[in-house]
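K.L.:
Sequences are here, hints too, so could you generate the full structure?
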Amino acid sequence: MVNETLARFGDWTYGATVVVYVFAMAFALIEQAFGKAKPRRAVARQLATVGGPSTSVEEVPAVEARPAERTRSERFGRMGAALMVLGALLHFTSLVLRGLAVGRVPWGNMYEYMSAVSLVAVVTWIVLMKKFPVRRLSAFVLLPIVILMFLGGTVLYSEAAPLQPALRSYWLIVHVAAAIIASGLFLVPGVASVLYLIRNRYDHDQAKFVRLGERLPGADVLDRVAYRTTIIAFPIFTFGVICGGIWAEAAWGRFWGWDPKETVAFVAWVIYAAYLHSRATAGWRGGKAAWINILGFAATVFNLFFVNLVTVGLHSYANG
Amino acid sequence: MVPFLRNTWRGLTSMRTALILLFLLALAALPGALLPQRTLNANKVADYIAEHGWWGRLLDRLQFFNVYASVWFSAIYILLMISLVGCLLPRTLEYARALRTKPVLTPRNLSRMPHHSESTVDKTPDEVIAQATRALSGWRKTEREEENGARTISAERGYLRETGNLVFHFAMLGLIIALAVGKLFGYEGQVIVKADGSQEFCNSGVLGYDSFQPGLRVDGTDLTPFCLKVASFDVNFLPTGQPDLFRANLEYQSEKDLDTGTWQTYGLEVNSPLRTDGDRVYLLGHGYAPVFTVTFPNGEKRTMDTQWRPVDQVTFLSEGATKFDPPGITDSEERRTKQIAVTGVFAPTAQLHGSLLNSSFPDLRDPMVAVDVMRGDLGIDNGRGQSIFTIDQSMVDDGRLKRVARENLSVGGEVKLDDGTVVRFDGVKRWVYLQVSHDPAQVWVLVFAIAIILGIGASLIIKRRRLWVRVVPAADGRTVVEVGGLARTDQAGYGEEFERLSGAVTGGKN
Numbered sequence: 001m002v003n004e005t006l007a008r009f010g011d012w013t014y015g016a017t018v019v020v021y022v023f024a025m026a027f028a029l030i031e032q033a034f035g036k037a038k039p040r041r042a043v044a045r046q047l048a049t050v051g052g053p054s055t056s057v058e059e060v061p062a063v064e065a066r067p068a069e070r071t072r073s074e075r076f077g078r079m080g081a082a083l084m085v086l087g088a089l090l091h092f093t094s095l096v097l098r099g100l101a102v103g104r105v106p107w108g109n110m111y112e113y114m115s116a117v118s119l120v121a122v123v124t125w126i127v128l129m130k131k132f133p134v135r136r137l138s139a140f141v142l143l144p145i146v147i148l149m150f151l152g153g154t155v156l157y158s159e160a161a162p163l164q165p166a167l168r169s170y171w172l173i174v175h176v177a178a179a180i181i182a183s184g185l186f187l188v189p190g191v192a193s194v195l196y197l198i199r200n201r202y203d204h205d206q207a208k209f210v211r212l213g214e215r216l217p218g219a220d221v222l223d224r225v226a227y228r229t230t231i232i233a234f235p236i237f238t239f240g241v242i243c244g245g246i247w248a249e250a251a252w253g254r255f256w257g258w259d260p261k262e263t264v265a266f267v268a269w270v271i272y273a274a275y276l277h278s279r280a281t282a283g284w285r286g287g288k289a290a291w292i293n294i295l296g297f298a299a300t301v302f303n304l305f306f307v308n309l310v311t312v313g314l315h316s317y318a319n320g
Numbered sequence: 001m002v003p004f005l006r007n008t009w010r011g012l013t014s015m016r017t018a019l020i021l022l023f024l025l026a027l028a029a030l031p032g033a034l035l036p037q038r039t040l041n042a043n044k045v046a047d048y049i050a051e052h053g054w055w056g057r058l059l060d061r062l063q064f065f066n067v068y069a070s071v072w073f074s075a076i077y078i079l080l081m082i083s084l085v086g087c088l089l090p091r092t093l094e095y096a097r098a099l100r101t102k103p104v105l106t107p108r109n110l111s112r113m114p115h116h117s118e119s120t121v122d123k124t125p126d127e128v129i130a131q132a133t134r135a136l137s138g139w140r141k142t143e144r145e146e147e148n149g150a151r152t153i154s155a156e157r158g159y160l161r162e163t164g165n166l167v168f169h170f171a172m173l174g175l176i177i178a179l180a181v182g183k184l185f186g187y188e189g190q191v192i193v194k195a196d197g198s199q200e201f202c203n204s205g206v207l208g209y210d211s212f213q214p215g216l217r218v219d220g221t222d223l224t225p226f227c228l229k230v231a232s233f234d235v236n237f238l239p240t241g242q243p244d245l246f247r248a249n250l251e252y253q254s255e256k257d258l259d260t261g262t263w264q265t266y267g268l269e270v271n272s273p274l275r276t277d278g279d280r281v282y283l284l285g286h287g288y289a290p291v292f293t294v295t296f297p298n299g300e301k302r303t304m305d306t307q308w309r310p311v312d313q314v315t316f317l318s319e320g321a322t323k324f325d326p327p328g329i330t331d332s333e334e335r336r337t338k339q340i341a342v343t344g345v346f347a348p349t350a351q352l353h354g355s356l357l358n359s360s361f362p363d364l365r366d367p368m369v370a371v372d373v374m375r376g377d378l379g380i381d382n383g384r385g386q387s388i389f390t391i392d393q394s395m396v397d398d399g400r401l402k403r404v405a406r407e408n409l410s411v412g413g414e415v416k417l418d419d420g421t422v423v424r425f426d427g428v429k430r431w432v433y434l435q436v437s438h439d440p441a442q443v444w445v446l447v448f449a450i451a452i453i454l455g456i457g458a459s460l461i462i463k464r465r466r467l468w469v470r471v472v473p474a475a476d477g478r479t480v481v482e483v484g485g486l487a488r489t490d491q492a493g494y495g496e497e498f499e500r501l502s503g504a505v506t507g508g509k510n
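Quick mapping for you: the protein sequence lines, in order, are chains A and B. Read in order, the letters of the first sequence correspond to residues 1 to 320 in UniProt numbering. Read in order, the letters of the second sequence correspond to residues 1 to 510 in UniProt numbering.
It should be emphasised that the hints constitute simulated quantities derived from the structure, not laboratory data. Just to be clear, a hint being listed does not mean it is correct.
[Claimed, not checked] Derived pair list, reagent style BS3-like, types lysine-lysine, alpha-carbon separation capped at 27 Å:
hint, chain 1, residue 1, chain 2, residue 2
1, B, 463, A, 131
2, B, 102, B, 44
3, B, 301, B, 194
4, B, 102, B, 301
5, B, 429, B, 416
6, B, 429, B, 463
7, B, 323, B, 402
8, A, 288, B, 463
9, B, 463, A, 130
[As the list claims (entries may be wrong)] For each label pair, taking beta carbons as the anchor points, the in silico distance ranges come out as:
hint, chain 1, residue 1, chain 2, residue 2, range
10, B, 495, A, 173, 35 to 43 Å
11, A, 173, B, 159, 16 to 24 Å
12, B, 173, A, 220, 53 to 61 Å
13, B, 384, A, 301, 46 to 54 Å
14, A, 170, B, 99, 37 to 45 Å
[Unchecked claim] Below, a sample of chain B positions facing chain A; criterion: calculated Cβ distance under 10 Å:
hint, residue
15, 8
16, 9
17, 27
18, 64
19, 244
20, 247
21, 280
22, 456
By construction, the Cβ of each residue, glycine as well, lies at the ideal position given by its N, Cα and C atoms.
P.N.:
This is the structure:
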C-alpha cells in the first residue's frame, strides 16, 4: 500500500531541502550584515546609477573596481535567493514523492502538514522578493521555517502511512489545503511585523536597535508587506474554517462544537479581524496593528503545536 | 438622559469599542480550549474540580467549564452584535447614497494627486475624450465641462468593495441568528445499538436514547419519526492496529416507510451520515458486548449481551458488568442474595502476562474475558439508577455483594460456582454508538457562511480608486491631457494600474 522507496526518497529530499534553506539563510545573512555597511556612501552611489541609463558602468570605467566590491554582498544575496528557489523546488519534490508514496494528498499528519506550511511560506516570500525590496530579510523568514522543518523532520516525524477512516474525505484536500496556505501566508506578515516594530523603534530613537534598525527596509515597506499578505491569507483562512465546518457536519454530527482546534482557530480569526479593523481606527495603525498581527501568528502557531500535542480533541489524529 | 443615551450609543458603535470587544471575545474564547468543558467531557470537568479544590470550585462558579454559554461570553458577543448593527446602519445609508451620486468633481490641481501624468498629444479634445471613455469602460464616470473650456472625466471604480464589506457583516449577523435558531429548535441524542439486527431503535421519544441534549424549545414529544436497525458492522484494521474501515450496515424506515413497512438500506460510515427527513444519523464509535449465559441451579438459563465499554481506544480492551436476576424466585429478600454480575475486562485479542489479561489488537482475533463473578444484592431494586458498565461499589463495601469466582475465559469457557450455577462465555457481539442530530437552521448557517466568504473576498481584494482626466486644447492644435489618480483604500498598490490606464487614456506615448 505504501511505496517505501518513494517515501525514502521523499525523506531524503526533505533533508536536502533543509540544508539548502540553511545555506540560503547564511547567504541572506551575509547580505544583511555587510550589504549596507556604510549607508551614506551607498545611498550616494545608488542615486548616481538610478539617475543614469543602464550603460553607466561602461561610461565610467574609473569606478569599475568599486561597484564590483559593492555588489559582492549583493551577489551573496542573489545567490541566497537562487538557493531559496532551488530549495523550494526540492521541497515541492519531497512533498510530491511523499504523496505518491502513500497515494493521497501529502498532508495527513503533522510532519507533512508542517512541511507543506513551510513550502507555502517560502513560495510567498519568493513572490514578495520580486515585488518589494526585501531580499536581504530572507534570513529572518527562513529562520522560523528551518526551525519548523527541523522539528517536523525529527521530533514530529511520521512514517509514510495511509489515512485513518475519519480523514478519508474530499474535505481533507480542501479544508487542510486552505489551512496550510493560510498558515504559510500568515508566517510572512508575522515576521514582517516583528521587523516593523524594530524599524519603528529605531526610527523613533536612533539609539535603539542601532545595528539592525538601519539595515531594515523602511517601516512603510514592512507594513505594506504585512498588510498585503494578510489580506490574501485572511479570506483563505475563513474559507478553510468554513470548509472545516462543512466537514465536521458530515463527520462529527455538528458543524461547530468548540473542539480545542476550532476554538483556537476562532481566536486566531478574531485576532486577524481585529488587525484589519485596527488599520481603520485612529491611534491603532502602525505599531499596535503590528502587535496584533504578531499575536495572530502566535495563535496560529499555538494552534499547531499546543492543540495537537498537549490537548486531547477531535483533531488529535493530526499526529497519527 | 438623552445625551447620556446618545453618548453611550456612540461609544458602543465606535470602531475603538468594536476593536476592544473583538479582543475580549478572543480572550474569553480561549479558556474553552485550555480547560475541560462540560459540553465536551463532563467527567473531565469533575476530575479537574476535584483535583484543584477551591480554585476548581471558583472556576466552576464563574462558568469557566461552560465558557460558550456563560454570562460573560454571551455579554461580549451580544455587545459586539449591537456595536455591529450600530456601525452597519449608518454605513448602509451612506452606501445607498453613494450609489446614486456621480463621481466627484475633478480637482483643480491634478498634479497634487498621488498618481499623476501629463502629456501633449496630436489629437483633438473630442478624440481624447472618446479614447478615455473607451479606456475607462467598466468605470462609473461622468463628463463635465469647466469654465475655461477644459473638459474632464471623473471616474470611480471598486464600489463592490463596500458592497462586499456590508454583505460580510450582515452575513455575520445572519449566521449568529441562524446559530441561535439551531440552539432553540435542534436536538442531539446518542444511542448504543447492537450490530446484529436484533435491536430496533426508533426516534419516537427521549426514552429511546442513552443520552439526549434537547434545544431550549424541544420537549422531546415531536421528534422526526424514523426507525433503524444495524444489520452488521464491518471493520478492518491494518496490521499496525490503525483502523482502516468502519461501516455499519443500516436498515431504516423513514416516515413514509413506517406506513408501508418497507426497509431501506444504508452503509453508514464515518464521513457519510444517513440523512433522512431533516435528521442525520452518525456513526460515532463501536465496541464489544461479550455474551454470557448463566445456568442457574434449577436448570433455567439466562443469556445477556450487555455492551461493555472500551477503555483503550487503540487495543479496545473493554470493561463492563453483565447483570442477571435469578429466575423463579418470588421472594425478593431471597432473590437479592442470588443476583449475579459478571464484571471484568474483555480483550478482543488476548495477551496474557501471567494471568493478567491485556489486549494486543483491536479486532476480534482471540477474544478472552477476565471476569469476577459477583453474587448477592446488585442494588438494582432500590430505585436508584446505576451505570450499565459498573456494579454498585457500595454494595460490595457493605458486604452484600461478594466475589464468588475469578477466572479467565476463552469463548466457550465456563466457570462453576459453589451452588452449582454455571457462567459460560458464549461469544462476542459488536455494537455501534450512533448519534441522531437535528438542526433546522443549519442550511442557513451554510448560506450565510458562503456569503461571508464572498463578502470578505470582495471587500479585501477589490480596491476603491478614482481617476480624473482633464483635456485642455493647446495653442498649436494639439491637446494637453492630464490624468490624476487616487486610491481610497490603504496600501492598494494602485500604481501599476494607473500607469496602464493613463497610457491608454492618452493613447500611448506621443
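K.L.:
Hint by hint, say whether it matches the structure.
P.N.:
These are the hints, each one checked on the structure:
no., hint, verdict
1, 463(B) <-> 131(A), "18 Å, holds"
2, 102(B) <-> 44(B), "63 Å, violated"
3, 301(B) <-> 194(B), "21 Å, holds"
4, 102(B) <-> 301(B), "92 Å, violated"
5, 429(B) <-> 416(B), "23 Å, holds"
6, 429(B) <-> 463(B), "64 Å, violated"
7, 323(B) <-> 402(B), "14 Å, holds"
8, 288(A) <-> 463(B), "24 Å, holds"
9, 463(B) <-> 130(A), "22 Å, holds"
10, 495(B) <-> 173(A): 35 to 43 Å, "37 Å, holds"
11, 173(A) <-> 159(B): 16 to 24 Å, "35 Å, violated"
12, 173(B) <-> 220(A): 53 to 61 Å, "35 Å, violated"
13, 384(B) <-> 301(A): 46 to 54 Å, "49 Å, holds"
14, 170(A) <-> 99(B): 37 to 45 Å, "40 Å, holds"
15, 8, "19 Å, violated"
16, 9, "18 Å, violated"
17, 27, "8 Å, holds"
18, 64, "13 Å, violated"
19, 244, "7 Å, holds"
20, 247, "9 Å, holds"
21, 280, "7 Å, holds"
22, 456, "5 Å, holds"
In this structure, the hints that do not hold are numbers 2, 4, 6, 11, 12, 15, 16 and 18, in rising order.
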